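**Q** In case you want the letters, here they are:
There are 2 protein chains.
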Amino acid sequence: MKRFVPSLALVERVQNGEAAAVARLISRAETGTDEARTALARIYKLAGRAHVIGITGVPGSGKSTLVGKLAQKMRARAHKIGIVAIDPSSPYSGGAILGDRIRMTELAMDPGIYIRSMATRGAIGGMARAALDAVDILDVAGFDTIIIETVGVGQDEVEIARASHTTVVVSAPGLGDEIQAIKAGILEIADVHVVSKCDRSDANRTLTDLKQMLMIGMMNAPNPDWTVPVIGTSAVNDQGLDDLIEAIAKHRQVAFETETGRARRLSVAQFRLRKTAENLLLERFDRAVAKHGAPLATKLQNRAADPYSAAAELLEASFETEDCHEQNARSKIAR
Amino acid sequence: MKRFVPSLALVERVQNGEAAAVARLISRAETGTDEARTALARIYKLAGRAHVIGITGVPGSGKSTLVGKLAQKMRARAHKIGIVAIDPSSPYSGGAILGDRIRMTELAMDPGIYIRSMATRGAIGGMARAALDAVDILDVAGFDTIIIETVGVGQDEVEIARASHTTVVVSAPGLGDEIQAIKAGILEIADVHVVSKCDRSDANRTLTDLKQMLMIGMMNAPNPDWTVPVIGTSAVNDQGLDDLIEAIAKHRQVAFETETGRARRLSVAQFRLRKTAENLLLERFDRAVAKHGAPLATKLQNRAADPYSAAAELLEASFETEDCHEQNARSKIAR
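These protein sequences, in sequence, are chains E and B.
When the letters of the first sequence are read in order and numbered with the working numbering, they come out as residues 1 to 335.
When the letters of the second sequence are read in order and numbered with the working numbering, they come out as residues 1 to 335.
It is worth saying that the hints were derived from the structure and are not from the lab.
Given that identical chains are not distinguished, each listed pair holds provided it fits within a single copy or across any two copies.
Here are the simulated lysine-lysine pairs, DSS-like style, with alpha carbons at most 30 Å apart:
(1) K45 with K299
(2) K291 with K45
(3) K299 with K80
(4) K250 with K299
(5) K69 with K80
(6) K211 with K73
None of these values were measured; they are calculated from a predicted model.
Using the sequences provided together with the hints, build the complete structure.
**A** This is the structure:
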């Protein structure tokens, strides 16, 4: 039987690089228990050394394959690599899809690679909060390169990929119209562009399109410290992987040693503060909905109330919205 | 020059079915001004007659084409049809993609069809709130059938499609693995399944798969009032469209006249209450972040603070979290 180990006690084991402690603390970050928060707060203060790489792309772009290949190649250069993969999941069943995990079993045999699949469950902001906690846990456990892989649909998923030092956006040739439309929203966050499946004949078109869009400044704000490269890769013959690893290494310097990098780290901190606060706020709100929501919803269903006044009533019941100063002022007058 | 018309004055014009008033009030619902809320509250109480149909499907499923064809066919049966299309949009530029709008120009020539493309912008919950306000506006303007079209990725998008009387989920043959994985999360919300592109030879496989999954009860909770049909369609020869229209009409009765339908309407009301309240709450939170966020983010960036304590501090500054009773009790003791 497993004995419960306090989260704070796990921190030291994480510092010693114990894989089991890493796994347990990430699980607690996912669940988001109060008990774990003190430990995660300590982890945060200990972290900050690893190079964090966000990799994102639309469904079908082949980013999972790329992440696998990339991790293998980097390992050959003696990096210790952590991978945090955010799975799409049913909003109803809450279950994660095992696809990525299965695909990565080969990698999982290597003790220098740690892979964690995370479900996108729970309250808004919860996924981002937990994923970034997981990155810190791996950081403290001694992983010097950490990849966050997310599917490039959904605002949170995209922003998580950007909450890194270096963001890689993966495109692929020959995707349909609707996919391309979604893609438009993620191109602009790239520090490095990858066009996968370059063994295909239509890949050249995708490469050229991206380069032209970059040249006319359609996608990125001008950056004095960095010119965004476009790299063609292919999983068939490992084409382009070395170029990609080199581009990532070069961008690491920009991330850690320039003013642009500092500004980026500040915006990541803003994002993280926001998501953590949103998550705490909405947890509190959830409890209030469970307590006060039912009668208000019934009134709404019968159109005896409108959504705005019902929502205001719910918030009033949820939070101490009345200003204490006002209330005290009134009680002073009454005295 | 356009004179500002108070939102409340627009309500009467909407009731008269004036397209310009409909457009303006939907825009104000999108912006989410305080001024518009009184009007939208009134609209809500006037609405409730239209049959609301949610149509969703993964990127590439051909749902936009289907919605266009469906609206045309229904118009031949003299329905007045409103379409609210939720566009994917860049989380950074906030711009909507014009694809759907262009595709639908043909329809837009018909005065009995009103099409509105909405961007997914602003605070969390804002899109759902605005989209459902738009449905009510069209309802009050006399549209008897209203289609909400959303892409089936992202929890909010999926739930908006479910915030209807009848939900149609569109699948297509021959999509890649990653797309199929996302699809898994939306199959279970279907009242009617459509398999599009049935002119393709691999469509039979998709039809059979869906029917089998339904038969073994993998996807839906048992429903005494409704058996979920699977309908094959093709835009090439309008195959299956009449069957789909009939299935939707039959489900309308379930939605309006059975206990199952009543329970569903209650869960839609709960969703709406929740999203409206979330939106109001996060607007308030946004203002607090703008006011108090910067110094906390800097402390976080320097790892001088951890995300949890910084978030708690931010929430404290944002809301009157201190319980007034406690505060008053203390001041009584002091007296």
